[in-house]
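There are 2 protein chains.
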Amino acid sequence: MADTTATTALEGVELRSKVTSDGRIEVSLIRVDVPEPAADEVVVRIEATPINPSDLGLLLGPADLGTIETGGTADLPAISAAIPPAAMKAMAGRLDQSLPVGNEGAGVVIKAGADAAHLLGRTVAMIGGAMYARYRVIKAADCLLLPDDASPADGASCFVNPLTALGMVETMRREGHTALVHTAAASNLGQMLNRICLKDGIGLVNIVRNAEQVALLRGMGAAHVLDSTSPDFTDRLTEALIETGATIGFDAIGGGRLAGQILSAMEAAIAARATGSYSRYGSSVHKQVYLYGGLDTRPVEIQRNIGMAWGVGGWLLFPFLQRVGPQVAQRLRDRVAAELKTTFASHYTAEISLAEVLKPEVIAGYSKRATGTKYLINPNKGV
Amino acid sequence: MADTTATTALEGVELRSKVTSDGRIEVSLIRVDVPEPAADEVVVRIEATPINPSDLGLLLGPADLGTIETGGTADLPAISAAIPPAAMKAMAGRLDQSLPVGNEGAGVVIKAGADAAHLLGRTVAMIGGAMYARYRVIKAADCLLLPDDASPADGASCFVNPLTALGMVETMRREGHTALVHTAAASNLGQMLNRICLKDGIGLVNIVRNAEQVALLRGMGAAHVLDSTSPDFTDRLTEALIETGATIGFDAIGGGRLAGQILSAMEAAIAARATGSYSRYGSSVHKQVYLYGGLDTRPVEIQRNIGMAWGVGGWLLFPFLQRVGPQVAQRLRDRVAAELKTTFASHYTAEISLAEVLKPEVIAGYSKRATGTKYLINPNKGV
Numbered sequence: 001m002a003d004t005t006a007t008t009a010l011e012g013v014e015l016r017s018k019v020t021s022d023g024r025i026e027v028s029l030i031r032v033d034v035p036e037p038a039a040d041e042v043v044v045r046i047e048a049t050p051i052n053p054s055d056l057g058l059l060l061g062p063a064d065l066g067t068i069e070t071g072g073t074a075d076l077p078a079i080s081a082a083i084p085p086a087a088m089k090a091m092a093g094r095l096d097q098s099l100p101v102g103n104e105g106a107g108v109v110i111k112a113g114a115d116a117a118h119l120l121g122r123t124v125a126m127i128g129g130a131m132y133a134r135y136r137v138i139k140a141a142d143c144l145l146l147p148d149d150a151s152p153a154d155g156a157s158c159f160v161n162p163l164t165a166l167g168m169v170e171t172m173r174r175e176g177h178t179a180l181v182h183t184a185a186a187s188n189l190g191q192m193l194n195r196i197c198l199k200d201g202i203g204l205v206n207i208v209r210n211a212e213q214v215a216l217l218r219g220m221g222a223a224h225v226l227d228s229t230s231p232d233f234t235d236r237l238t239e240a241l242i243e244t245g246a247t248i249g250f251d252a253i254g255g256g257r258l259a260g261q262i263l264s265a266m267e268a269a270i271a272a273r274a275t276g277s278y279s280r281y282g283s284s285v286h287k288q289v290y291l292y293g294g295l296d297t298r299p300v301e302i303q304r305n306i307g308m309a310w311g312v313g314g315w316l317l318f319p320f321l322q323r324v325g326p327q328v329a330q331r332l333r334d335r336v337a338a339e340l341k342t343t344f345a346s347h348y349t350a351e352i353s354l355a356e357v358l359k360p361e362v363i364a365g366y367s368k369r370a371t372g373t374k375y376l377i378n379p380n381k382g383v
Numbered sequence: 001m002a003d004t005t006a007t008t009a010l011e012g013v014e015l016r017s018k019v020t021s022d023g024r025i026e027v028s029l030i031r032v033d034v035p036e037p038a039a040d041e042v043v044v045r046i047e048a049t050p051i052n053p054s055d056l057g058l059l060l061g062p063a064d065l066g067t068i069e070t071g072g073t074a075d076l077p078a079i080s081a082a083i084p085p086a087a088m089k090a091m092a093g094r095l096d097q098s099l100p101v102g103n104e105g106a107g108v109v110i111k112a113g114a115d116a117a118h119l120l121g122r123t124v125a126m127i128g129g130a131m132y133a134r135y136r137v138i139k140a141a142d143c144l145l146l147p148d149d150a151s152p153a154d155g156a157s158c159f160v161n162p163l164t165a166l167g168m169v170e171t172m173r174r175e176g177h178t179a180l181v182h183t184a185a186a187s188n189l190g191q192m193l194n195r196i197c198l199k200d201g202i203g204l205v206n207i208v209r210n211a212e213q214v215a216l217l218r219g220m221g222a223a224h225v226l227d228s229t230s231p232d233f234t235d236r237l238t239e240a241l242i243e244t245g246a247t248i249g250f251d252a253i254g255g256g257r258l259a260g261q262i263l264s265a266m267e268a269a270i271a272a273r274a275t276g277s278y279s280r281y282g283s284s285v286h287k288q289v290y291l292y293g294g295l296d297t298r299p300v301e302i303q304r305n306i307g308m309a310w311g312v313g314g315w316l317l318f319p320f321l322q323r324v325g326p327q328v329a330q331r332l333r334d335r336v337a338a339e340l341k342t343t344f345a346s347h348y349t350a351e352i353s354l355a356e357v358l359k360p361e362v363i364a365g366y367s368k369r370a371t372g373t374k375y376l377i378n379p380n381k382g383v
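Chains as they are written, first to last, in UniProt numbering: chain A, 1 to 383; chain B, 1 to 383.
Worth flagging that the hints you see were computed from the coordinates, not collected in a lab.
Any given hint could be a false lead.
[Unchecked claim] Okay, the calculated bits of chain A under chain B, using three or more residues with CB under 8 Å as the criterion:
hint : stretch
1    : 249-263
2    : 307-321
[Unchecked claim] One side only, chain A facing chain B, incomplete, derived with CB under 8 Å:
hint : residue
3    : Ala153
4    : Ile302
5    : Arg304
Fair warning: this is a prediction, and the values are worked out from it, not measured in the lab.
For every residue, glycine included, the Cβ atom is placed at its ideal position computed from N, Cα and C.
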């Protein structure tokens with residue numbers, strides 16, 4: 001047997017989310033038996049796993065949170081809520097499936113297969129889903145060994161946000177741009193991107209939605225921070241684009257006019273710097289905005305005052321990592337480990353237990369998707 | 001001297017377009033002296049040059065054609081028209097410059113420099129602007145020698161439309177797609193694309209705007225022709241996408257919802273064929289729509305029911321040719337010459353003189369941008 005420690009079967013607890021054919025979402029905790037690890041696997045006791053925007057879609061779907069009903073037991077609580085009929089069509093792919101949730105997390109290796117004994121007792125970070133659980137069986141190769149002085153909380157968010165921020169910079173370079181624009185820039189992700197750009201000397205135009213967020217990023221040394229709700233936003237954005245030369249943007253908002261406004265301001269900034277001859281097709285400089293989120297679910301609207309050299313499209317971390325290949329991905333991961341407590345530090349609003357994830361008053365907090373608030377789950381809290 | 005024929009200076013006539021600071025456009029014919037060709041140049045007597053949609057923007061700008069005033073002389077007529085104030089901002093780059101017009105054309109070489117004597121008397125096609133003129137001095141290397149049995153009219157449109165249609169197919173292949181969608185598909189360009197796809201066995205979904213255009217393309221052997229104004233358009237489009245597997249589209253319309261509708265139908269078609277597991281990010285198959293025209297000048301509107309693997313952007317022939325490099329460009333050009341009278345045959349509504357280009361009743365005809373109507377200028381007609 002590969003097991004090098006305990007021999008009795010572990011009992012775990014796992015969070016599941018299910019959309020039912022009759023138009024409800026059910027989120028519950030269930031007991032599960034934790035299998036023994038195979039030779040190349042470990043069992044991790046998860047102590048920190050964040051609620052990212054990318055987790056919320058699977059966790060709560062498009063539920064109407066005004067309709068929450070509670071159920072289950074004190075140990076294994078459950079909730080359910082109605083899904084608006086118009087939103088059910090998009091749920092077809094997950095109907096009546098009890099799905100585990102939680103993209104990433106960190107914890108301590110408590111069992112290890114024969115080939116992974118060196119990890120026993122070590123703190124590791126993981127990505128791969130099903131992290132909202134007390135234990136996770138995972139291949140040793142899919143664990144990132146954290147430095148000795150790093151806690152699970154330090155490493156809980158070391159994949160999605162850090163690799164997304166580094167992926168943006170990498171995409172910028174690979175596609176021939178030299179500076180970039182970011183929206184919802186006061187987020188944990190935005191703060192990381194700001195630290196990366198300051199450290200690497202890359203021009204970054206931060207777009208936020210209120211004066212507090214402007215102050216926050218200015219306090220962190222950001223040179224260009226613009227409030228999209230201020231009346232002179234378009235002019236200020238164009239100035240910042242002239243100064244930085246940014247011709248690529250990453251937009252978390254997704255819907256409405258912002259992506260198009262960024263492209264228009266890029267074209268105006270290029271025209272302001274240009275000395276070439278007239279072309280009725282606009283500038284020949286390619287302008288790109290990638291939508292990596294959907295905080296605003298309205299249609300994307302793009303004015304055609306941007307010439308012909310432009311693109312808008314979706315951007316996701318995992319397809320990006322596949323595109324660049326394992327060597328580049330490893331380089332990015334190594335940087336995250338090396339700068340875990342500085343460039344890639346995350347800050348959390350609250351640490352909650354698995355049972356608290358299902359409390360309506362807690363749901364009201366983490367479901368707001370407000371920039372700058374982020375919750376950390378400790379599935380072994382209060383156990 | 002490089003001149004191998006006449007020694008007296010040629011007097012030419014050239015069409016010019018100018019936007020004035022006081023908000024008018026002036027289009028006129030002027031007399032010009034035609035310089036002697038350098039050693040590597042030829043002088044071409046232009047006998048056929050088309051009015052493409054890509055020429056109209058430079059020729060008439062955003063003029064209000066209800067305000068046309070005529071002027072000049074019988075030999076050298078001129079017109080002017082008002083430009084709506086809102087459209088003047090976009091004219092900044094061409095203000096008060098007298099610009100020659102006409103992207104492509106064909107004619108007979110009447111003078112040749114020492115290194116280009118082999119072209120004397122031959123019929124050639126050209127691209128490079130300033131074709132709305134009686135004569136054009138051009139580098140021999142920029143001429144495409146036409147087959148002996150080809151007239152200037154046969155070769156007049158052998159760059160823009162043929163290379164655009166071939167460029168779409170080339171882009172489809174280079175970006176990993178196997179079939180494509182085309183809008184405004186009854187145009188000369190659309191008919192060429194249909195012939196290419198039939199010949200090469202490529203799936204093509206043609207989108208047109210009325211029943212006559214459906215009948216026209218069906219009569220030319222097109223398998224999938226959809227009328228975007230019919231009530232079951234979305235369902236029929238999805239069916240055609242399931243059948244062809246098309247995941248890239250080229251859209252001449254540009255504004256409004258059509259590009260987004262195509263992406264939505266692609267995503268629905270992929271979902272209908274898929275057997276994989278649920279992802280809240282939608283399919284992982286990249287869906288792309290390129291806008292290569294702007295028949296509709298409203299903003300582009302894209303619903304977010306298309307997953308995250310998608311892109312929308314501008315597409316232009318010349319940047320495409322630069323991207324693929326001279327060898328690919330030459331391969332495409334060779335195919336055009338070889339299939340000039342079959343795959344790449346163009347059809348014209350009327351042949352007009354340079355003076356007729358400035359007649360209000362003729363302008364009313366060629367400025368309509370109606371699919372299937374195309375005018376050919378013969379600058380040496382009636383001379």
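Quiz item: For which of the previously enumerated hints does the structure constitute a violation, in increasing order of number?
Solution: 3
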